[in-house]
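Full structure from sequences and hints, please.
Those sequence lines, one after another, are chains G and H.
In this note's numbering, each residue's number is its place in the first sequence (first place is 1) plus 1431.
In this note's numbering, each residue's number is its place in the second sequence (first place is 1) plus 254.
Any given hint could turn out to be false.
[To be verified] Straight-line Cα separation of at most 25 Å, SDA-like style, residue types lysine to any residue; simulated pairs:
1) K356(H) x R1489(G)
2) K1485(G) x E355(H)
3) K311(H) x G1526(G)
4) K268(H) x Q364(H)
5) K356(H) x G1432(G)
6) K356(H) x N1462(G)
7) K356(H) x I1433(G)
8) K356(H) x S1438(G)
9) K332(H) x G294(H)
10) K1485(G) x F1538(G)
11) K311(H) x Q338(H)
12) K1485(G) x V1539(G)
13) K356(H) x S1457(G)
To be clear, the hints were calculated from the coordinates, so they are not data collected in a lab.
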Amino acid sequence: GIQVEQSPPDLILQEGANSTLRCNFSDSVNNLQWFHQNPWGQLINLFYIPSGTKQNGRLSATTVATERYSLLYISSSQTTDSGVYFCAVGPWGGGFKTIFGAGTRLFVKA
Amino acid sequence: GAGVSQSPRYKVAKRGQDVALRCDPISGHVSLFWYQQALGQGPEFLTYFQNEAQLDKSGLPSDRFFAERPEGSVSTLKIQRTQQEDSAVYLCASSLALTNEKLFFGSGTQLSVL
Chain G
1432 GIQVEQSPPD LILQEGANST LRCNFSDSVN NLQWFHQNPW GQLINLFYIP SGTKQNGRLS
1492 ATTVATERYS LLYISSSQTT DSGVYFCAVG PWGGGFKTIF GAGTRLFVKA
Chain H
255 GAGVSQSPRY KVAKRGQDVA LRCDPISGHV SLFWYQQALG QGPEFLTYFQ NEAQLDKSGL
315 PSDRFFAERP EGSVSTLKIQ RTQQEDSAVY LCASSLALTN EKLFFGSGTQ LSVL
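Following this line, the structure appears as structure tokens:
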């Protein structure tokens, strides 16, 4: 099946710093989503981005489907950005499954 | 409702007990998914409903796991004869469309089997 790899696995930032999280996937996908799981376990949908670039405040994401990767940019990080960021893909021909990566664990220090 | 609601938030079961976990999706959402998340890992797909039809149950780990959505709204995930390896967070997600696009997740049920 499709493999979803996220990097880095762990990231510690000083408040105000910028960061880039990467998601590589091994096969063609028909959708890609980025999620933030906060310290209380709630998964929040950040972006639905099968291709192209989207921005939402301090967050933006880019997916290059032909090269099988997506990037999530966090600018001017805040302590509330801490948590785990997941990339999740829907493989072509994979029915309705969404396959999650292992996540990037982010801690933002005050 | 405003979001996906799951209950109970926490469940402790003795090994061998049966448990039932409830999911109330966003009103009007056609698609409903169940995921299992082990500690420190990403969610793993269990099963998918489109309205009341269970279209994919390939992720259910054993025949002890059973899910239903009889009226196309509320769903229940039932685990029979629970085992310690069933301990995990069980997440429910819903989507407006007939696909797995733009998933909205509930807060999950944390199941601990002693």
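These are the hints, each one checked on the structure:
1. Between K356(H) and R1489(G) the alpha-carbon distance is near 20 Å, which keeps this suggested pair within the 25 Å criterion.
2. At roughly 16 Å between alpha-carbon atoms, K1485(G) and E355(H) fall within 25 Å of each other, so this suggested pair holds.
3. Under the criterion of a C-alpha separation no larger than 25 Å, the hint pairing K311(H) with G1526(G) is consistent with the structure, at around 11 Å.
4. Restraint check: the Cα-Cα separation between K268(H) and Q364(H) comes to about 14 Å, which is no more than 25 Å; the hinted pair holds.
5. The hinted pair formed by K356(H) and G1432(G) meets the criterion: a straight-line CA distance of about 22 Å does not exceed 25 Å.
6. Taken as a hint, the K356(H) and N1462(G) pair is honoured in the structure, with Cα atoms around 9 Å apart against an allowance of 25 Å.
7. Taking the CA atoms of K356(H) and I1433(G), the gap is about 20 Å. The hint holds against a cut of 25 Å.
8. Taking the CA atoms of K356(H) and S1438(G), the gap is near 23 Å; set against the 25 Å cutoff, the hint holds.
9. With a C-alpha separation of about 24 Å, the suggested pair K332(H) and G294(H) falls inside the 25 Å cut-off, and the hint holds.
10. Using a Cα cut-off of 25 Å, the hinted pair K1485(G) and F1538(G) holds, with the two alpha carbons roughly 24 Å apart.
11. For a cut-off of 25 Å, the pair hint linking K311(H) to Q338(H) stands: about 22 Å separates their Cα positions.
12. For the hint pairing K1485(G) with V1539(G), the CA-to-CA distance comes to about 23 Å; that is within 25 Å, so the pair holds.
13. Among the hinted pairs, K356(H) with S1457(G) is consistent with the structure: their alpha-carbon atoms are about 21 Å apart, no more than 25 Å.
This entry satisfies every hint, going by the numbered hints stated previously.
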